[in-house]
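Peer 1: Each protein sequence line maps, in turn, to chains E and G. Residue 18 in this note's numbering sits at position 11 of the first sequence; the count goes up by one each step and never skips. Residue 1014 in this note's numbering sits at position 88 of the second sequence; the count goes up by one each step and never skips.
Derived from the structure by calculation, the hints contain no laboratory data. Please note: incorrect hints may appear among the correct ones.
Cut-off 27 Å, straight-line C-alpha distance, at most; resulting in silico cross-link-like pairs (DSS-like, lysine-lysine) [unchecked claim]:
1) E:Lys15 x G:Lys1051
2) E:Lys15 x G:Lys1142
3) G:Lys1142 x G:Lys1215
4) E:Lys16 x G:Lys1051
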Amino acid sequence: MSRVFGDKKTILILLLPTLSIYVLLKVIPVAWSLGLSFFQGNTLRGFEFVGLDNFREFAGDSAALNSVWVSVSFAVIVTVAQVTFGYLLALLYVFVLRKGSAFVRTAVFFPMVLPTVAVALLFKSLIAVGENQGPVNDAINAFGGESIEFLASTAGTMTIAVIMTLWSSMGFYAVLLYTGLLDIPEEVVESARMDGATGPRLVGYIIIPLSLPILLSSIIFSLNATLKVFDSLLALNNGGPGTTTAPLTLYMYRTAFEYAEYGYGSTIALALTLLCLVFTLVVFRPSSKRVED
Amino acid sequence: MTTAPSTAPVQLPTPRPQARPARRAARRIVRRLPVWLLVTVLLVVMLYPQFWMIMGSFKTQTEFFANPTWALPEQFNLDNYIDAFTRGNVGINYRNSMLVTLPSVALIVLAGLAAGYALEIMIWKGRRQVLLFVMGGIMVPGQMILVPLFTVYFKIGITDSLLPMILTYTAMGIPLTTFLMAAYFRAIPREIFEAATVDGCGPLRSFFVIAMPLMKNSMLTIALIQFFSVFNDLLIALTFTTRPELATIQVGLLSLSDQYGSTQYGALFAAISINIIVLLIVFVFLNKKIMAGLAAGSVKG
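Model the full assembly from the supplied sequences, consistent with the hints where possible.
Peer 2: In structure tokens, the structure reads:
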């Protein structure tokens, strides 16, 4: 039997196409990019070996450090917010709406499939349509507040970006966590109820511990996605005002393709990759241990 | 409903026996009221922006200036949609998105399926290491490969086509797909493939006649995950859009907003609305599959 499933020809036919695409278009470019981060210049101008200069430049580049800060704060805030809201929604679906939750679930999920640029432009229009203010400020005025120019400030832009991301993806996290909650055996919840656990105590002592694995994988998934945020911040306010809301991804794109600094761009890309790696390891280490316990 | 919680929101005086059912119903309604309020607010927050956008797409330029932005359109004119298709190139953008997304997804799914089979069903030394090697690519962001790929695509002269996008998306999608396919194959009892061998079916043939039909659902799930991640990508599309005729929907929307965003709102509103409407129609038919598929993909990932 093992001889049949060890057939070299079959393995080659099935694995070789995938492996060659992967190596040619992913592994080699990653290695190439790693090498480029020690050079300066681009294909037209030629490359010059500069050793660790790019890394030194990165450490002293205020725009780069600011973009690291934008990426990290965006990822942390959005992850905390969307996993929390997603979990609350999931609890609402499972314990309050029960069988009647299908419509709400679907309606809240839908924006997830919309193109991110469309969502960003929608929110941009909600703030202002050209010179006219949008419904958001109309609503603020109706409650007696002053109109706010959200996109004129860094904090305002980030607030809108967080709300927008939450709006489009909390329904997804809700469905993800909802499927996790459905896996909790009915009897466990029932017997906890009979022992007198209700409301917050039932959630805190029974539901959250039992759904911890899926909660953690949501957090990892969310961090990985939000650290790579690019389209929403670009489309919302072009990384502005100035470059104050440009995440690392956008800073890399601009450095490499708008200013044609391939070498320094590769250094920024490496920083981004390391950032993703560190975040995943930080969440994964303690979590994998806890799940095994 | 005999175990009503002790925190009933209303306290009613001295019960009269015949009023009991009505009163219980009333209490039930009052108790459910906060929930309905919450759900209503939630639905308004989720749906109103989309409704507002679609309503805005019927407005004329003068209406945008003269009326408050929350006002409904005075009539349903389709000029903005005509504008979006003629000057905004929305049709071409959609065509490009499909021409890029469909081949990429097909390639990703087939490549991942074959690799998953070779790594999970076939038995050979080093397959664990190869799987780990491929999985290592899951976390690498697109930025890390774009500069070398751009250089190479330029050298071999394919930058003036959609090919760079298809190739790059395929490479980006393979790691996660291979990992998921291997996980799905692990869930299939090996005996099925062993029985086929006993009946004289070689491993390559059982890939086509047994594995493929068995994995139909998993293939659909992964196809959906990959479809949305390719369809909604901006970074790779923006990098390889060397002229406007190659723009996908995301890139097209962005340049439409740059060109007309501050002057011709109608066309932009229409272009965004087209996306909402098209995806809503797709979603109405496929929502269960899409929701389950996307959720399954991220749990495993």
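Peer 1: Decide, hint by hint, whether the structure agrees.
Peer 2: Taking the hints in turn, this is what the structure says about them:
For the proposed pair E:Lys15 and G:Lys1051, the alpha carbon gap of about 11 Å is at most 27 Å, so the pair holds. Proposed proximity of E:Lys15 and G:Lys1142 is supported: the alpha carbons are some 26 Å apart, at most 27 Å. For the suggested pair G:Lys1142 and G:Lys1215, the alpha carbons sit about 13 Å apart, so the restraint of at most 27 Å is met. This hinted pair checks out: E:Lys16 and G:Lys1051 have alpha carbons roughly 15 Å apart, not beyond 27 Å.
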